[in-house]
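Chains X and F: place on chain U using the hints.
These are the residues of each chain, in order.
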Amino acid sequence: MQFTGTHILSIGQFESQDVERLFEVADRMEPYTKREKRTRVLDGAILGNLFFEPSTRTRVSFGCAFNLLGGHVRETTDIKASAISKGESLYDTARVISGYSDIIAMRHPVAGSVEEFSRASRVPVINAGDGPSEHPSQALLDLYTIRKELKITGPVENLRIAMVGDLKYGRTVHSLSKLLSLYRNIHFTLVSPKELSMPGEIVDQLLAAGHTVCQTDNMQQGLQNNDTVYLTRIQEERFANQQEADIYRGRFRLNQSIYTQHCKPNTVIMHPLPRDSRAEANELDNDLNQHPSLAIFRQTDNGVLIRMALFALTLGVAEEVEKHTEEVHWYTDKRFRKLPPMTGDQ
Amino acid sequence: MQFTGTHILSIGQFESQDVERLFEVADRMEPYTKREKRTRVLDGAILGNLFFEPSTRTRVSFGCAFNLLGGHVRETTDIKASAISKGESLYDTARVISGYSDIIAMRHPVAGSVEEFSRASRVPVINAGDGPSEHPSQALLDLYTIRKELKITGPVENLRIAMVGDLKYGRTVHSLSKLLSLYRNIHFTLVSPKELSMPGEIVDQLLAAGHTVCQTDNMQQGLQNNDTVYLTRIQEERFANQQEADIYRGRFRLNQSIYTQHCKPNTVIMHPLPRDSRAEANELDNDLNQHPSLAIFRQTDNGVLIRMALFALTLGVAEEVEKHTEEVHWYTDKRFRKLPPMTGDQ
Amino acid sequence: MQFTGTHILSIGQFESQDVERLFEVADRMEPYTKREKRTRVLDGAILGNLFFEPSTRTRVSFGCAFNLLGGHVRETTDIKASAISKGESLYDTARVISGYSDIIAMRHPVAGSVEEFSRASRVPVINAGDGPSEHPSQALLDLYTIRKELKITGPVENLRIAMVGDLKYGRTVHSLSKLLSLYRNIHFTLVSPKELSMPGEIVDQLLAAGHTVCQTDNMQQGLQNNDTVYLTRIQEERFANQQEADIYRGRFRLNQSIYTQHCKPNTVIMHPLPRDSRAEANELDNDLNQHPSLAIFRQTDNGVLIRMALFALTLGVAEEVEKHTEEVHWYTDKRFRKLPPMTGDQ
Numbered sequence: 003m004q005f006t007g008t009h010i011l012s013i014g015q016f017e018s019q020d021v022e023r024l025f026e027v028a029d030r031m032e033p034y035t036k037r038e039k040r041t042r043v044l045d046g047a048i049l050g051n052l053f054f055e056p057s058t059r060t061r062v063s064f065g066c067a068f069n070l071l072g073g074h075v076r077e078t079t080d081i082k083a084s085a086i087s088k089g090e091s092l093y094d095t096a097r098v099i100s101g102y103s104d105i106i107a108m109r110h111p112v113a114g115s116v117e118e119f120s121r122a123s124r125v126p127v128i129n130a131g132d133g134p135s136e137h138p139s140q141a142l143l144d145l146y147t148i149r150k151e152l153k154i155t156g157p158v159e160n161l162r163i164a165m166v167g168d169l170k171y172g173r174t175v176h177s178l179s180k181l182l183s184l185y186r187n188i189h190f191t192l193v194s195p196k197e198l199s200m201p202g203e204i205v206d207q208l209l210a211a212g213h214t215v216c217q218t219d220n221m222q223q224g225l226q227n228n229d230t231v232y233l234t235r236i237q238e239e240r241f242a243n244q245q246e247a248d249i250y251r252g253r254f255r256l257n258q259s260i261y262t263q264h265c266k267p268n269t270v271i272m273h274p275l276p277r278d279s280r281a282e283a284n285e286l287d288n289d290l291n292q293h294p295s296l297a298i299f300r301q302t303d304n305g306v307l308i309r310m311a312l313f314a315l316t317l318g319v320a321e322e323v324e325k326h327t328e329e330v331h332w333y334t335d336k337r338f339r340k341l342p343p344m345t346g347d348q
Numbered sequence: 003m004q005f006t007g008t009h010i011l012s013i014g015q016f017e018s019q020d021v022e023r024l025f026e027v028a029d030r031m032e033p034y035t036k037r038e039k040r041t042r043v044l045d046g047a048i049l050g051n052l053f054f055e056p057s058t059r060t061r062v063s064f065g066c067a068f069n070l071l072g073g074h075v076r077e078t079t080d081i082k083a084s085a086i087s088k089g090e091s092l093y094d095t096a097r098v099i100s101g102y103s104d105i106i107a108m109r110h111p112v113a114g115s116v117e118e119f120s121r122a123s124r125v126p127v128i129n130a131g132d133g134p135s136e137h138p139s140q141a142l143l144d145l146y147t148i149r150k151e152l153k154i155t156g157p158v159e160n161l162r163i164a165m166v167g168d169l170k171y172g173r174t175v176h177s178l179s180k181l182l183s184l185y186r187n188i189h190f191t192l193v194s195p196k197e198l199s200m201p202g203e204i205v206d207q208l209l210a211a212g213h214t215v216c217q218t219d220n221m222q223q224g225l226q227n228n229d230t231v232y233l234t235r236i237q238e239e240r241f242a243n244q245q246e247a248d249i250y251r252g253r254f255r256l257n258q259s260i261y262t263q264h265c266k267p268n269t270v271i272m273h274p275l276p277r278d279s280r281a282e283a284n285e286l287d288n289d290l291n292q293h294p295s296l297a298i299f300r301q302t303d304n305g306v307l308i309r310m311a312l313f314a315l316t317l318g319v320a321e322e323v324e325k326h327t328e329e330v331h332w333y334t335d336k337r338f339r340k341l342p343p344m345t346g347d348q
Numbered sequence: 003m004q005f006t007g008t009h010i011l012s013i014g015q016f017e018s019q020d021v022e023r024l025f026e027v028a029d030r031m032e033p034y035t036k037r038e039k040r041t042r043v044l045d046g047a048i049l050g051n052l053f054f055e056p057s058t059r060t061r062v063s064f065g066c067a068f069n070l071l072g073g074h075v076r077e078t079t080d081i082k083a084s085a086i087s088k089g090e091s092l093y094d095t096a097r098v099i100s101g102y103s104d105i106i107a108m109r110h111p112v113a114g115s116v117e118e119f120s121r122a123s124r125v126p127v128i129n130a131g132d133g134p135s136e137h138p139s140q141a142l143l144d145l146y147t148i149r150k151e152l153k154i155t156g157p158v159e160n161l162r163i164a165m166v167g168d169l170k171y172g173r174t175v176h177s178l179s180k181l182l183s184l185y186r187n188i189h190f191t192l193v194s195p196k197e198l199s200m201p202g203e204i205v206d207q208l209l210a211a212g213h214t215v216c217q218t219d220n221m222q223q224g225l226q227n228n229d230t231v232y233l234t235r236i237q238e239e240r241f242a243n244q245q246e247a248d249i250y251r252g253r254f255r256l257n258q259s260i261y262t263q264h265c266k267p268n269t270v271i272m273h274p275l276p277r278d279s280r281a282e283a284n285e286l287d288n289d290l291n292q293h294p295s296l297a298i299f300r301q302t303d304n305g306v307l308i309r310m311a312l313f314a315l316t317l318g319v320a321e322e323v324e325k326h327t328e329e330v331h332w333y334t335d336k337r338f339r340k341l342p343p344m345t346g347d348q
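Residue numbers (the working numbering), protein chains in the order written: chain U, 3 to 348; chain X, 3 to 348; chain F, 3 to 348.
This is chain U alone, in the form it adopts within the complex (with noise of 0.2 Å):
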């Protein structure tokens, strides 16, 4: 693929040496999202930041990322306060909106809103979600994760990957799937209530690239023997009665002593966050935050990377990174520091 230009719509778009090229620049992104340096090289430049649906963190990261790469950032946050609730078609705020920026970052509630926006926008789009559909910087800072946390280089082979929770309707382990389906011999257990098993055409074409499978509604053996465990919430409204919902009630969670007693060791925990961490939510347990193979803060750590990397090859700038770099004056020390292990009811 042609980065320069286009838009990023679909993981779809994305074949294995796309994925290479962009993890190179991410990875040359690191200096600057750890502050040991700066760089102005979009210094000048405008980020369109639309998002018609709330999300602090996606919408913070691709802002920040913007902001490292030396530009500015305009934004909307909410959809009730746009044109598009007046009527305005996507074909309109696209070709306004993309008179003002140089890029745009695109969050809209509906499955394939970004990409009828992209077609009339004049600036290359970046979808950051669009509704139940599509959210490709997800699934490659996921990508670009497991490779870190693994210390794999290049291309990821014989992965061992586990998928756990709402399989069906959970976008970021369809996406990741699509994405991992480029490589070889992965070995994927879908772990889910069998009301939220994973879409029969996203495992068909696992199968059909070559990869396995097992699918399972059992936490404990699907923990077994997997290099990682990408854990997803379930809403207990996703089920077809209550009954059903308690029989799953609290079977899908992992806390230490599940981990411990599951898991091999070091096997990588993944989440793509907001994890809810109410009492009665039994997803992901605080009781693991400070093991160090929990990879959930080092996943959204790195989505910066990834948002850089999306920018700087969209808008052709990949090269001349480095040589608008500048020192970091200020303080930065405790950025990557371990934190002490936490007190009180956290």
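Since the hints were derived computationally from the structure, they do not count as laboratory data.
If several chains are the same, the list does not tell them apart, and a pair holds so long as it fits within one copy or across any two.
Mimicking DSS-like on lysine-lysine, the simulated pairs with C-alpha atoms at most 27 Å apart in a straight line are: (1) K170 x K88; (2) K88 x K196; (3) K325 x K36; (4) K39 x K325; (5) K39 x K150; (6) K150 x K266; (7) K180 x K150; (8) K180 x K196; (9) K170 x K196; (10) K153 x K39; (11) K153 x K180; (12) K180 x K266; (13) K266 x K153; (14) K150 x K36; (15) K170 x K180.
Coordinates of chains X and F only, in the frame set by chain U:
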């Protein structure tokens, strides 16, 4: 008018030489909006972009214009989140916020509020719309667009313009009429249902200034023989009763076939946007989206030029802009390329 | 206190030499807030301006302070739009967002939340208000204002201050009291309805530190013989019943005639803002708006100096600010000109 340090509150402040001065500066901003170069003339300055009423388009346009001059933007998007909702006076808000910023752009739902605010402000204030009253940068960008589309250099004269739709409540047609009345021999055709006709005092003002005014509720007749047609939306709830609304339904609509049948070739089509593109809206059809005379997106592009010029003039840097110019490194290629015809159900 | 890399959570962290250090840096920020020059010392740094509760004034003040040091600002304005509303813990939010930014300013409706957040943050956190609990930069700007208004150089001593209004729930008067208790021989006059008097433990703390405290519900008496009067708003719903509210209605109001009758000449008038300027509010009348002793807008101006100093100190660049100074090109003339008397119904 001395622009430097002056509040821009009303189109009534402008004489024709002020408009000439503004448009001359706006012309010089084009290399920056086209990203042929960039400027840092306002690097370090802060715009207080105070939108006490939602408007993504206008808010982002002002913000981008300031970023394109190199400045920072701090903003508010909602009156509910502000102290105004707790009984704070506009005087207090102005005294406080004007201590934070170098210039303020303000939208507020109440007529007269921006003027009241400006009296207590310590920095120049630009009215970005005060309810039904004024929105001077819109009228200025409309006139600027008319001149560019018709390749007029210098003051407009002998222009034939049709204004169509809700002329009673439409802030933009009022302001544009007042602005055009500064020039000589304009021929206005005012096309609206009788219930939504142009206020008498504006018509009187146009006539007193020596212009020609024709009023009609016959769309086909009104479209004949104009240089420009300026459309606005009719909201059915404006009518006294449903029977009245039914009489006029669909009669003030412009589409490809009506344009071809009734408009002079090359008649410029304008609209303040947003337009309602839902099927029932009957306003300005999408089948004109690729028409070379459809100027609606050039209007919004021109809005950035006009707002950059207003900032540069009120902050006294209009002659400094080029001195702080630098190269653009990043991809900008598609920005003013023609879009391919749309596909699908747009 | 070692400022660099330290969370600023509570006024209790400050000893008097810390206050001196902060105020000395704040003094040096004045040429930048007056736009006599500008600095780029934090060019490339990112402030995470996390407001999980609306507050235009404080949010914009923090954001502008960071922009004035040359940095970028990414922000959130609403808790509903955030993952916190989906059950995300403050620990998770902190781990994620502190990976994006160089420093965080945070407001949150729950007491203790900012401290909890800061424990998981990898960057310094400044408390911008955690519910009824703390808002340290407000107390610091209040004390800074008192010293400037009274032309005190060095620690305050023998100050006579009246605090008026709702002293029970008023976060600002609590924090200012604690801060003043660091100094010697302060004379506090606490004027409030009995139901809304200063909490006993704060009074005890002031007495234990050797200060004088007078408590009264008699406004006229309380106003006598002070250097400074600090007003806060009384909300009628605070009273146990309407009869109680009726007893006190209008009795804690300051206007021109009450000031002239009861206050020593040149008594400094302060208020944390926003004030309610509606007719029924009876708080601090607009007829004092032009009074030379009304310091309320100098308080908010000083807030930017204090926040710049907090950023510069916690990020360890207080001694670098001047090294990155540049000229200001744009119009700044009216910034500190005196305003003309107000006209109209303000």
